[in-house]
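Residue numbers (this note's numbering), protein chains in the order written: chain A, 1 to 344; chain B, 345 to 655.
By construction, these hints were calculated from the structure, which means they are not laboratory data. Fair warning: there could be bad hints in the mix.
The calculated SDA-like cross-link candidates involving lysine to any residue, where the alpha carbons are at most 25 Å apart (straight line), are [what the hints assert, rightly or not]:
1) B:K439 <-> A:I18
2) B:K462 <-> A:L27
3) B:K462 <-> A:G102
4) B:K439 <-> B:R520
5) B:K439 <-> A:G219
6) B:K462 <-> A:G219
7) B:K462 <-> B:N567
8) B:K439 <-> B:G648
9) B:K439 <-> B:D524
Partial list, derived from the structure: chain B residues whose beta carbon lies under 8 Å from chain A [to be verified]:
10) A580
11) G613
12) T629
13) M633
A virtual CB, placed ideally from N, CA and C, is assigned to each residue, including glycine.
One letter stands for each residue in the lines below.
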Amino acid sequence: MKSAWQLAAPFAPVSAAIVAAALLFALFLLVQGAAPLQALELVIQGAFGSAFAWQNTLSRAAPIMLTALCVALPARAGLVIIGGEGALALGALAAAMVPVVGAGWPAYPVLALMALAGFAAGGAWMALVAWLRHARGMNETISSLLLAYIGIALFNFLVEGALRDPASLNKPSTPPIGELYAIGPMPGFDVHWGLAWGLVVCALAWLVMRHTVFGFSVGVAGGNPRAAQMAGLPVGMLLIASCFLGGGCAGLAGMLEVAAVHGSANASLLAGYGYAGILVSFASRHHPLGIIAGAILVGGIGASGSLLQRRLDLPDAATLVLQGTLFLALLAFETLNRKGLRRV
Amino acid sequence: MSDPASDFALGSLLLALLGGAMRVSTPFLFVSLGECITETAGRINLGLEGILVFGAMSGYGVSYLTGSPWLGILAAGCCGTLFGLLHGVLCSLPKVNDIAVGIALMLFGTGLAFFLGKPLIQPQAPMLPPLNLGGWSDDPQVRSALRINVLLPIGLVLAFVLQWALVSTRAGLVLRLVGDNAAAARALGYPVVPIRIAATAAGGFLAGVGGAFLSLYYPGSWNEGLSSGQGLMAVALVIFARWNPVRCALAALLFGAAGALGPALQSQGITSGYYLFNAAPYVLTLALMAASCTPGRILAGAPGELSLGNR
């Protein structure tokens, strides 16, 4: 059995980093002439202060959990992937096309197909990154980011062109998916079912990556590819599979945004969840269960933005500054941790 | 004889492409030279994107407040140096991953620039003056294509100077030694960590200058959509150029031409597929990198300490 200290030890740098980031943010606001204590209070209030704040926070946290997995699953295979936004865009687009093709079909099969289409599109996009890494020796961080830009360009091109609903005049969108196929709120709680999906997928990712032979093999391939090859593991396939699963999660996030929030694929989907996921995954040391907590924290910061804007007249970028400070502090305090970042 | 009308369109398209390439490539040039210095010392700074955006904001702000765009460029460079120092110092802590810090810095620099730059969206700051190389021609298209910014020749000269310095000066050799084999550098008594921090700071300076070009010359205003990932593409560009400053300059011009394709076609009345043409530089980078990488081998010319190589 581990002692309480051993269990608590990994959380100490994280807590210290959160405190340090809050102090730095307060200092920054002080220099700017804003009220720092009030701002921190508003962040907490806007994120977790009321039922409404919690609903806002959790609705934002749901897609971030999934995009964070797009970083965490490949990280297990030793790959640093930062292009989740592109997988999210293409997943959303693929999912939004299902109701167009299958109009009139019953709701549940269509939703399942939408999820499948989103997962497959996002997964294929990221699998391409792993393939380039394995077959061409290309750096995956750069290629995932380039593919993210290409994916977003493709998304904009199709949404404003071939797949555009002629009725969407001011804001180019794909045809609306319709009430029947929309994902509604969970009972007694004004947060859409996507939150449950996010939680379940994170738990599944944890089970698969920590408690199956497949997950173990991915870890070996990431930790020591040569040893993995010697042991007869299909390293290339493992890299591609981990990226496919990760990209699939990001694609699923896109599908949820279409089905539960926007009702069609359009440019407002691309709200930076893919980039927030990078922060969350690194902050939780790529641990699928830690990601849940990280996503709620980052979702909360995002949710508090409008309150900061209204009460203190701060620019909406204030939450970006806080996120950036938090990320830098988390990484800097990583040095106190006894394990390095790359060893998951 | 071909149809003169289509000849004319092609000619002006090429002119627009040339002019666009020279305008668009300057930020690539500066950021990639900066990243080249940083990576030669053995570190990767993905945060150059954030530095670029912050440089654009601070350069615009200082130019607006002082009335001198040159002071703006200097301020942008100094801010970039500070961000570079931050990256360099954080990465010198044990167990801190330089790629992750870069991503954090990207977020932080962009957020800070958006926050502080809110009041700068409206006012018009003094711009950098253009250099008219096309005065000999009567054709307004030629003149507009050859109206370049003085930063472009400065950057090109800098590329050659850097190339020479890396190969033939003591400082350049020490920098390469630190990037290739930290243990050997340490054994010879060179302070590895301070040299890396200095190299990251120098890279930050150049990235800041590149950002100021965006806001002070082309497109020439400050807004939140100013950068479209030039800072990150510069990292790919340095790999493609194999850590060679002169090749960086050539690659920057190539990327500039790819980036100018969309606007050049648009000026010819071809507007369909605008988003796809805008993605041309990314596709080009990806294709060139895929073609130039070899599996299972360390990239030729890659600094040995770089965490970017192959396994």
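Against the structure, the hints:
A hinted pair counts as satisfied when its Cα atoms are at most 25 Å apart, and K439 of chain B with I18 of chain A qualifies at roughly 19 Å. Simply put, K462 of chain B and L27 of chain A have alpha-carbon atoms about 19 Å apart, close enough for the 25 Å limit, and the pair holds. With a C-alpha separation of about 46 Å, the suggested pair K462 of chain B and G102 of chain A falls outside the 25 Å cut-off, and the hint is violated. For the given pair, K439 of chain B sits about 23 Å from R520 of chain B by alpha-carbon distance, which is consistent with the 25 Å threshold.
For the hint linking K439 of chain B to G219 of chain A, the alpha-carbon distance of about 19 Å falls within 25 Å, and the restraint holds. For the hint linking K462 of chain B to G219 of chain A, the alpha-carbon distance of about 45 Å lies beyond 25 Å, and the restraint is violated. Taken as a hint, the K462 of chain B and N567 of chain B pair is honoured in the structure, with Cα atoms around 9 Å apart against an allowance of 25 Å. Between K439 of chain B and G648 of chain B the alpha-carbon distance is near 19 Å, which keeps this suggested pair within the 25 Å criterion.
Distance hint between K439 of chain B and D524 of chain B is fulfilled; the C-alpha atoms sit about 20 Å from each other, no more than 25 Å. Hint status for A580 of chain B: holds, given a least beta-carbon distance of 5 Å to chain A, under 8 Å. Taking 8 Å as the C-beta cut-off, the interface hint given for G613 of chain B is violated, the closest approach to chain A being about 17 Å. A least Cβ separation of about 5 Å between T629 of chain B and chain A falls short of the 8 Å threshold, and the interface hint therefore holds.
The beta carbon of M633 of chain B comes within 5 Å of a beta carbon in chain A, closer than 8 Å, and the hint placing it at the interface holds.
Comparing the model with each numbered hint stated earlier shows that hints 3, 6 and 11 do not hold.
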